[in-house]
Amino acid sequence: MSLLKATLLSSALCCFSLFSREVQAESVFVYPLLGERVSSSFGPRNHPVRHVQRHHSGIDLAAPQGAQIRAIASGRVVYADPYKGYGNLVVIEHANGITSHYGHCSKIHVDPGQEVKAGEIIATVGKTGLATGYHLHFEIRINGEPKDPDVYIPGLRDEPLG
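At position 83 of the sequence shown (counting the first as 1) the number is 63 in this note's numbering, and the numbers step up by one without a gap.
It is worth saying that the hints were derived from the structure and are not from the lab. Virtual Cβ for every residue (Gly too), placed ideally from N, Cα, C. Just so you know, not all the hints are guaranteed correct.
[Claimed, not checked] Pairwise CB distance ranges, derived in the manner of DEER restraints:
{"hint": "1", "residue 1": "PRO62", "residue 2": "ILE101", "range": "17 to 23 Å"}
{"hint": "2", "residue 1": "ILE101", "residue 2": "VAL32", "range": "30 to 36 Å"}
{"hint": "3", "residue 1": "ALA75", "residue 2": "LYS107", "range": "29 to 35 Å"}
{"hint": "4", "residue 1": "ASP91", "residue 2": "ARG34", "range": "29 to 35 Å"}
{"hint": "5", "residue 1": "ALA75", "residue 2": "PRO24", "range": "17 to 23 Å"}
{"hint": "6", "residue 1": "GLN33", "residue 2": "LYS97", "range": "34 to 40 Å"}
{"hint": "7", "residue 1": "GLY93", "residue 2": "ILE122", "range": "18 to 24 Å"}
{"hint": "8", "residue 1": "ARG34", "residue 2": "ASN76", "range": "25 to 31 Å"}
{"hint": "9", "residue 1": "ARG34", "residue 2": "GLU95", "range": "31 to 37 Å"}
{"hint": "10", "residue 1": "GLY65", "residue 2": "PRO92", "range": "18 to 24 Å"}
{"hint": "11", "residue 1": "LYS64", "residue 2": "GLU95", "range": "25 to 31 Å"}
{"hint": "12", "residue 1": "ASN123", "residue 2": "ILE101", "range": "23 to 29 Å"}
{"hint": "13", "residue 1": "GLN48", "residue 2": "PRO92", "range": "19 to 25 Å"}
Produce the complete structure using the sequences and hints provided.
Here is the structure:
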């Protein structure tokens, strides 16, 4: 198995097949947004609303209001409702203890218990919860522990996809 093989979906999304020592399995991940720009990275940062130093458990992808958010992989929706500072939040459970989290959504298009496919539209970009502008707060967690999404979806910090 190659470490990285690119595939194009019919909607021109980029997919990557990765082998991770943590996951110990082949997984396919799709970019959650097209044309995004990283406005806040994973790790320590000054919180833009609370103005305190905190660990940022995901990345923020700036995008226009209503931009379509896609599931990064097939899985089952385990949460789709408002949740504290995340605002409208969608959480999808994937294989191997992986969950993906999509926060600050303006509209949610899925329900808990629903099965979704990689690339399926699950929500739209908003600024609900503790948000200073329109963006997607995106997290990948493995067994509940937040991980840097750029490690699992190469190129998130690169130039925006057109």
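Tested hints:
1. Between PRO62 and ILE101, the C-beta spacing of about 20 Å keeps the proposed range 17 to 23 Å intact.
2. For the pair ILE101 and VAL32, the supplied restraint of 30 to 36 Å holds, since their beta-carbon distance comes to about 35 Å.
3. Between ALA75 and LYS107 the C-beta distance comes to about 31 Å, which sits within the given range of 29 to 35 Å.
4. In this structure the supplied range 29 to 35 Å holds for ASP91 paired with ARG34, their Cβ-Cβ distance being about 31 Å.
5. Taken as a hint, the range 17 to 23 Å is violated for the pair ALA75 and PRO24, whose Cβ atoms sit roughly 30 Å apart.
6. At about 39 Å, the CB distance of GLN33 to LYS97 agrees with the hint of 34 to 40 Å.
7. Our hint of 18 to 24 Å for GLY93 and ILE122 holds, since their Cβ atoms are close to 22 Å apart.
8. Between ARG34 and ASN76 the beta carbons are some 28 Å apart, a value that agrees with the proposed interval 25 to 31 Å.
9. ARG34 and GLU95 have their C-beta atoms about 34 Å apart, which keeps the hinted 31 to 37 Å range intact.
10. The given range of 18 to 24 Å is respected by GLY65 and PRO92, whose C-beta atoms sit roughly 20 Å from each other.
11. About 26 Å separates the C-beta atoms of LYS64 and GLU95, a value consistent with the hinted range of 25 to 31 Å.
12. A hinted range of 23 to 29 Å for the beta carbons of ASN123 and ILE101 is consistent with their spacing of about 27 Å.
13. The supplied range of 19 to 25 Å is met by GLN48 and PRO92, whose beta-carbon atoms lie about 20 Å from each other.
Hint compliance for this structure: hint 5 alone is broken.
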